[in-house]
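Colleague: Each chain is listed here by its residues.
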Amino acid sequence: MSLLEIKNLHASVNANEILRGVDLRVNAGEVHSIMGPNGSGKSTLAQVLARRESYQVTDGSILFHGKDLLAMKPEEAALEGLFLAFQYPVEIPGISNAYFLRAALNAVRKGRGEDELDAIDFLPLLKEKMRLLEMDERFLNRPVNEGFSGGEKKRNEIVQMAVLEPTLAVLDETDSGLDIDALKIVARGVNTMRRKDRAIVVVTHYQRLLDYIVPDFVHVLVSGRIVKSGGPELALELEDKGYSWTESEPAGARR
Amino acid sequence: MKKSGIVDVVAVGIANPPAPAGYRSEFHDFSQRLSQQASWLIALRREGYEEFADAGFPTTHDEDWRFTNVSGISKSRFEIARHATAVLPEDLERLGTNEFDCCLVFVNGKFSPNLSRIPNMPKGVTIGALSEQFAAGKREVQEYLGKYLNFRRDAFAALNTAFIEDGAFLHVPPNTVIEKPVCLLYVSAPGAAPLMDHPRNLFILEENSQATIVEDYVSLDQDVKENHPAFSNAVTELVAGECAVVSHTMIVRESERTFNVSTLRIQQARNSNLSTHSVLLGGELVRNNVHPVLAGEGAECLINGLFMANGRQHMDNYMLVEHASPHSSSRQYYNGILNGNAHGVFHGRIIVHKDAQKTDAKQTNRNLLLSDDAQIDTKPQLEIYADDVKCTHGATIGHVDENALFYLRSRGLDESSAKHLLLEAFANECLDRMHPGPARDHVQRLVFEWLPERARLSAGPPRPGERTWEEVG
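Residue numbers (our numbering), protein chains in the order written: chain X, 1 to 255; chain W, 256 to 728.
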């Protein structure tokens, strides 16, 4: 059984069809990259996976751990092991990073039938994950994402991922706006999380991140459909030629 | 949301109704009872009564009362408690004020020595009931009582002055620091008739002194709906000397049968630093007036507020910040959470007088509406007569942020926990502006205790969108 199985997925936002029949199968232990030009539906796919309610699924199915993901609420998907690293992490003034993450971890642990962690047990765990992403400890008590730079927000997403230990992590343009040093730090954080029982889906516009997080599979999403799949070499080809050549593929795959 | 720029308040040609007859006989009886007191005090009360009788209660035709209808107060007949109500120390246990080493308790406006505890204070500090100071003829009381409060055309301040009898008194001599907070607990205990009280507090902090003061207004029998209504009308005068550092907190958590009107008049000398925190949780109708005058150069004032209302509660925050000298700064931050049919008001007025160059004044009011029927009126009012100043104001009115809600849910929190966390976060913005210590701990406990009730039953799905305006002047 695949960890994630997407079949003929159609999804709309405000009656605009964005995804027009996506098929994708991801097994545990694999890293997949979904690449595509702006507006191709990459972020929509990520949001649908995280169960954002403003995206309507009009056709198709998604099985996650063999269960119907489309029947799940966002929190249920999270408890099932799904994690989305947001393209635009949300600022929440008034709640510290540490408090928020402990609440989240305890919700997930409760879902797994594990005991909740108190602040004393939780803090060393969080500090360890923050060191991994080279985040200063002062971020512990800062309000969630408030006043963080773009790079700090993205690193904070990966810290959350490291704490919550999902089985499927979807990174939505985590590389955008990162300088090369921050990119390497984020990639190293992600790489340490590669495990045979965990899959990672990296959504990106550019190939550069894939120099550091080397995927097993690369898929090209254009106009709401995966028009091409291949190995890591496909990403290099895209970098070289741009996306236009994929769009001029035989029309069989397109409407 | 209504908004307006500089508005000249012009007396409207509609006379307020005269004072209800009940107050005449109350004042008569009251004056008889206290006729042996000092003549200056008797004269002050009479002046207050005459002003009240002349002005009458305000109506919504008064610019300063546009959003708040006090007919619930003016149409009821309230009495001064004639007999002491028996309140036992056990009755106060659940209120959380036992955390304070120093706590003065007032029951229906009168000091209760048996319920109070006053530890040793630094040399020269006077702390106790105002009534005791009258008896002792304390010089500072006569000097400062009513000195800065202007009750002309202010019916509630005039009424309070007419009925001055008791309240808290604190005098801190120069260069003296009171490290632990002073808690003042005002207990409204039900009586056989609708009761009113008019606590009058006077705090004098001399040059380079420091203190933290918490005023906490509570009702016994919080849940009894059949109780008579009660009316609490407090006035606090706070005089901060040069370089004095004062933290003041006002908590209103009375029953939903209580009308609470309060006025805080602050006079700030040069380089004094004052923060006042208003936390409105309870009461049927609450009006909180905060009026600092930054009279000395370099004075700083922080006015920080949090109000949370549900049901049919009405909470009106009225600020009048006067900058009277150069280089002074003021900050107003108010966060409101409104649910049910509750109505909130934020009316922040800033006056920068002619000589107050280099004034730095900022005002921010943020509101969360949890139901379709909750209402907020927010009104900034800047009157600037100096030419080299920085004044900004802004307000937001919105619903719980859908993006933030989804973010939290995507991390595993269920919808109601996520919503609750966002409300806590919103309230925390205000709590974070208080210095860490027992006063903030007390407020935080109360806010988190009241929050679930205030957030309950948000009717209907939230409407999308947020209206925002920001202006810089």
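None of these hints come from the bench; they were simulated from the model. The reader is advised that the hints may include incorrect statements.
Straight-line distance between alpha carbons at most 25 Å, and here's what the computed DMTMM-like set of lysine to aspartate or glutamate pairs gives [unchecked claim]:
id: 1; chain 1: W; residue 1: K617; chain 2: W; residue 2: E552
id: 2; chain 1: X; residue 1: K153; chain 2: W; residue 2: E679
id: 3; chain 1: W; residue 1: K674; chain 2: X; residue 2: D115
id: 4; chain 1: W; residue 1: K674; chain 2: X; residue 2: E30
Colleague: Hints first: check each against the structure and report whether it holds.
Modeller: Status of each hint after checking the structure:
1. W:K617 / W:E552: With a Cα-Cα distance of about 17 Å, the restraint between W:K617 and W:E552 holds, given a limit of 25 Å.
2. X:K153 / W:E679: Measuring from Cα to Cα gives roughly 22 Å; hence the hint holds.
3. W:K674 / X:D115: It holds: about 23 Å lies between the C-alpha atoms, which stays within 25 Å.
4. W:K674 / X:E30: Violated. W:K674 to X:E30 sits at ~35 Å, over the 25 Å cutoff.
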